[in-house]
Amino acid sequence: MVDVTPHGADFIPAAEVAEVELYHPHSWWTRYVFSQDAKVIAIQYAGTALSIGLVALVLSWLMRLKLGFPDTFASISPDMYYQFMTMHGMIMVIYLLTALFLGGFGNYLIPLMVGARDMVFPYVNMLSYWIYLLAVLVLVGSFFAPGGPTGAGWTLYPPQAITSGTPGGQDWGIILMLVSLILFIIGFTMGGLNYVVTVLQGRTRGMTLMRLPLTVWGIFTATVMALLAFPALFVACVMMLFDRAIGSSFFMPAIVEMGANPLPHDGGSPIMFQHLFWFFGHPEVYIVALPAFGIVSDLISTHARKNIFGYRMMVWAIVSIGALSFVVWAHHMYVSGMHPYFGFFFATTTLIIAIPTAIKVYNWVLTLWRGDIHLTIPMLFALSFIVTFVNGGLTGLFLGNVVVDVPLSDTMFVVAHFHMVMGVAPIMVVFGAIYHWYPKITGRMLNEAMGRFHFWVTFIGTYLIFFPMHYVGLVGVPRRYPELGDTAFVPPSVHTLNAFITVAALVVGFAQMVFLFNLLWSIRHGRPAGDNPWRATTLEWQTAGTPPPHGNFGKELPVVYRWAYDYSVPGAPEDFIAQNDPRPLTQGGPA
Amino acid sequence: MIVILILLVAVTGVVGWWLSRQRLMSKPWLEAGPVTAFPQTEASLMHPAKIGLGVFLAVVGALFALMISAYVMRMDYADWQAAPAPKLLWLNTAMLVLASLALQGAVSAAHKARLDNLRLALLAGALASVAFLAGQLLAWRDFAAEGYFATENPAASFFYLLTAMHGLHIIGGLVALGRVNVRAWQGARSGSLVLSTELCAIYWHILLAVWLVLFCVLMGWADNVIDICRGLLT
Numbered sequence: 001m002v003d004v005t006p007h008g009a010d011f012i013p014a015a016e017v018a019e020v021e022l023y024h025p026h027s028w029w030t031r032y033v034f035s036q037d038a039k040v041i042a043i044q045y046a047g048t049a050l051s052i053g054l055v056a057l058v059l060s061w062l063m064r065l066k067l068g069f070p071d072t073f074a075s076i077s078p079d080m081y082y083q084f085m086t087m088h089g090m091i092m093v094i095y096l097l098t099a100l101f102l103g104g105f106g107n108y109l110i111p112l113m114v115g116a117r118d119m120v121f122p123y124v125n126m127l128s129y130w131i132y133l134l135a136v137l138v139l140v141g142s143f144f145a146p147g148g149p150t151g152a153g154w155t156l157y158p159p160q161a162i163t164s165g166t167p168g169g170q171d172w173g174i175i176l177m178l179v180s181l182i183l184f185i186i187g188f189t190m191g192g193l194n195y196v197v198t199v200l201q202g203r204t205r206g207m208t209l210m211r212l213p214l215t216v217w218g219i220f221t222a223t224v225m226a227l228l229a230f231p232a233l234f235v236a237c238v239m240m241l242f243d244r245a246i247g248s249s250f251f252m253p254a255i256v257e258m259g260a261n262p263l264p265h266d267g268g269s270p271i272m273f274q275h276l277f278w279f280f281g282h283p284e285v286y287i288v289a290l291p292a293f294g295i296v297s298d299l300i301s302t303h304a305r306k307n308i309f310g311y312r313m314m315v316w317a318i319v320s321i322g323a324l325s326f327v328v329w330a331h332h333m334y335v336s337g338m339h340p341y342f343g344f345f346f347a348t349t350t351l352i353i354a355i356p357t358a359i360k361v362y363n364w365v366l367t368l369w370r371g372d373i374h375l376t377i378p379m380l381f382a383l384s385f386i387v388t389f390v391n392g393g394l395t396g397l398f399l400g401n402v403v404v405d406v407p408l409s410d411t412m413f414v415v416a417h418f419h420m421v422m423g424v425a426p427i428m429v430v431f432g433a434i435y436h437w438y439p440k441i442t443g444r445m446l447n448e449a450m451g452r453f454h455f456w457v458t459f460i461g462t463y464l465i466f467f468p469m470h471y472v473g474l475v476g477v478p479r480r481y482p483e484l485g486d487t488a489f490v491p492p493s494v495h496t497l498n499a500f501i502t503v504a505a506l507v508v509g510f511a512q513m514v515f516l517f518n519l520l521w522s523i524r525h526g527r528p529a530g531d532n533p534w535r536a537t538t539l540e541w542q543t544a545g546t547p548p549p550h551g552n553f554g555k556e557l558p559v560v561y562r563w564a565y566d567y568s569v570p571g572a573p574e575d576f577i578a579q580n581d582p583r584p585l586t587q588g589g590p591a
Numbered sequence: 001m002i003v004i005l006i007l008l009v010a011v012t013g014v015v016g017w018w019l020s021r022q023r024l025m026s027k028p029w030l031e032a033g034p035v036t037a038f039p040q041t042e043a044s045l046m047h048p049a050k051i052g053l054g055v056f057l058a059v060v061g062a063l064f065a066l067m068i069s070a071y072v073m074r075m076d077y078a079d080w081q082a083a084p085a086p087k088l089l090w091l092n093t094a095m096l097v098l099a100s101l102a103l104q105g106a107v108s109a110a111h112k113a114r115l116d117n118l119r120l121a122l123l124a125g126a127l128a129s130v131a132f133l134a135g136q137l138l139a140w141r142d143f144a145a146e147g148y149f150a151t152e153n154p155a156a157s158f159f160y161l162l163t164a165m166h167g168l169h170i171i172g173g174l175v176a177l178g179r180v181n182v183r184a185w186q187g188a189r190s191g192s193l194v195l196s197t198e199l200c201a202i203y204w205h206i207l208l209a210v211w212l213v214l215f216c217v218l219m220g221w222a223d224n225v226i227d228i229c230r231g232l233l234t
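If you read the sequences in order, they're chains A and B. Heads up: the first sequence begins at 1 in the working numbering, then just goes up one per residue. Heads up: the second sequence begins at 1 in the working numbering, then just goes up one per residue.
Isolated chain A, as found in the complex:
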């Protein structure tokens, strides 16, 4: 061990109580509703995201019922199916995963993990949540608007998104969708500025960048990416709103609608929308994945009681994935047609991203190697994430190649691929993280039996849903079709599989109800957790109380003496050494 204490620092002065002026709530309203405390904002974000996610979950059941039993559910019309599909995708990707990882976990964990009392701009942080809530309400409002929500697909491709054949295209649906997205981006930008500047400026003494837990690295990098990528969606939304509302022609070519009705547009370029959308859309995959990568690293290290393998490499991989993900967007547009050299370029960059990603997977596995693995519920979810992410990532290698992608692109294979890699894998981390940090947030443990039931049904169930879906796609079943009918190339076994997948989806859905019940039940009835139930090293477990009080750390901010992964250090009295443990190290650990 190298002692890096500067010479002459033989005493450590008390941290000033407030370098950033602390906001103090004065009433019930400012404490729990219009609160500027990042922890309250985090819970508000998470609660809203989980609620709207529940809507998206129900929509997926309705879609599966139509796909699995088209005759029984003939009342679900194709238009309704498209609306369910669009809203399910949009909600899950943006309003649930992005908001939950960055707004929820980001707000809760960044100040606690870097040793700050709060975000640097608490008022802007509060505004961020309320604008997010407004965006969600506008989105929900579109369900009740005349014509219902938009059914343009979550990619909202023009020209079909604003023609009258698409549900909501000439009604309120698409307008409300675009307005909601614009609001979401404005709200996110406000939050994002906080996350970035707090990591840069809010760190406590001794907390160098290379001592940050990987969770913070993941959320930080994802936020930087989101800040640069969301403007692309913003521009696309504004331009499409112009097209729809005042009849300009950014994306709309001269087009005859329904075979007889020429539209006033002329000279717009739909491909331009695709470029803008995917310039946001691909980084978005990693905006969701990088926080998951970070969190899972911490879960694995803590629950395997072993330092993370290759910390430096993990940091570099996170940063390089973040940078690379900005130059791969056109791999979503192979079937839109492009110059072969461009296809070659984007296929190459896509495959190159597999390198840092694989480094991360190896490092997780090597962290587990000969670790003291505790199969707690967070650990089970973390392990299932690794497996699921590798599975989903491997089919990504197929789809990253132009020649393989073109025949598979419009089939259920793609649906299976991105649900494995971007749906199930991050959601596993969300669950693992909730089981891991719930004791800090509420002071009580989640119920173990319900948790294990939730894990096993979710883990096995999602494989029963999405593995067969790969086969359905490989035999050529197209995606986006509400029912297949009597199609010659679809064998009868596909119908049986579809019914099976639907049943599995309903069972998995039921397990999520158990989880939600557990969340509410354990607030009152859970086992008291104490300050540090997982015996973890990071600062959020060393707070003045549980749940952490306003200001997080009591009178004095912690001083950080070591990295976040001192588990099972030889010679140390316990199998973990907290980051703010000042005991000097000798060769074999604390003396």
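Bear in mind the hints are in silico, worked out from the structure with no lab data behind them. All C-beta atoms, glycine included, are put in the ideal place defined by N, C-alpha and C. Careful, some of the hints might be misleading.
As the list claims (entries may be wrong) - Straight-line distance between alpha carbons at most 25 Å, and here's what the computed SDA-like set of lysine to any residue pairs gives:
no. : chain 1 : residue 1 : chain 2 : residue 2
1   : B       : 50        : B       : 123
2   : B       : 27        : A       : 319
3   : B       : 27        : A       : 305
4   : B       : 87        : A       : 583
5   : B       : 87        : B       : 105
6   : B       : 27        : A       : 545
7   : B       : 50        : B       : 195
8   : A       : 555       : A       : 545
9   : B       : 50        : B       : 9
10  : B       : 87        : A       : 545
11  : B       : 27        : A       : 361
12  : B       : 112       : B       : 183
13  : B       : 50        : A       : 568
14  : B       : 50        : B       : 142
15  : B       : 87        : A       : 319
Stated by the list, open to error - One-sided and incomplete, this derived list gives chain A residues near chain B with beta-carbon spacing under 7 Å:
no. : residue
16  : 50
17  : 196
18  : 210
19  : 211
20  : 228
21  : 246
22  : 247
23  : 267
24  : 326
25  : 391
26  : 394
27  : 397
Fit chain B to the known structure of chain A by using the hints.
Just chain B now, kept in the frame of chain A:
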């Protein structure tokens, strides 16, 4: 998408330079102790609000770079018909330059504690910005009078979109600048007033730079640059 990629290269450059100074090669598992000299942290000594504004301006830069990217992409199509930009834009540009200069004057007045000059400069900056906005509205009227409505052709649509987005950012800035003005006229010089003045000046300088780029693109001067870039790529 060339324009946004150029901006991203610049952002990556700044981030890379900053990261290279963050001891990314250190081996944290071999180190113990508080690392930094007390009482400072290893964080930059710049005020968080300035860093926050810097990050926000990077987002604004990305926004405009993406819109210009779309514009350039659309220009490439065979049916592109350029729309002549109104002459009034020259005057408006001069107004925005004046606003920027006035705010720079305000910053130096604030540093020298010349409260009278600070008040005048802040007011001048705000008035020049309002004049810029009024001029932009007149330019819209001239443009429409020549028959270029927002729906007329893509070049006209882009003209309205780009100027409107830039104008909205100026309006947002004016809200902040208005508050700084009120504070300057009410009270004495304080540390937070100096900071607010600096933040306004930075914001205006960057929006001026964005406007100059937009101006070049709208006047058609950037075409040669774009052709060269395209030639390099293909």
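Tell me the hint numbers this structure goes against, listed in increasing order.
4, 5, 6, 10, 13, 14, 15, 16, 25, 26, 27
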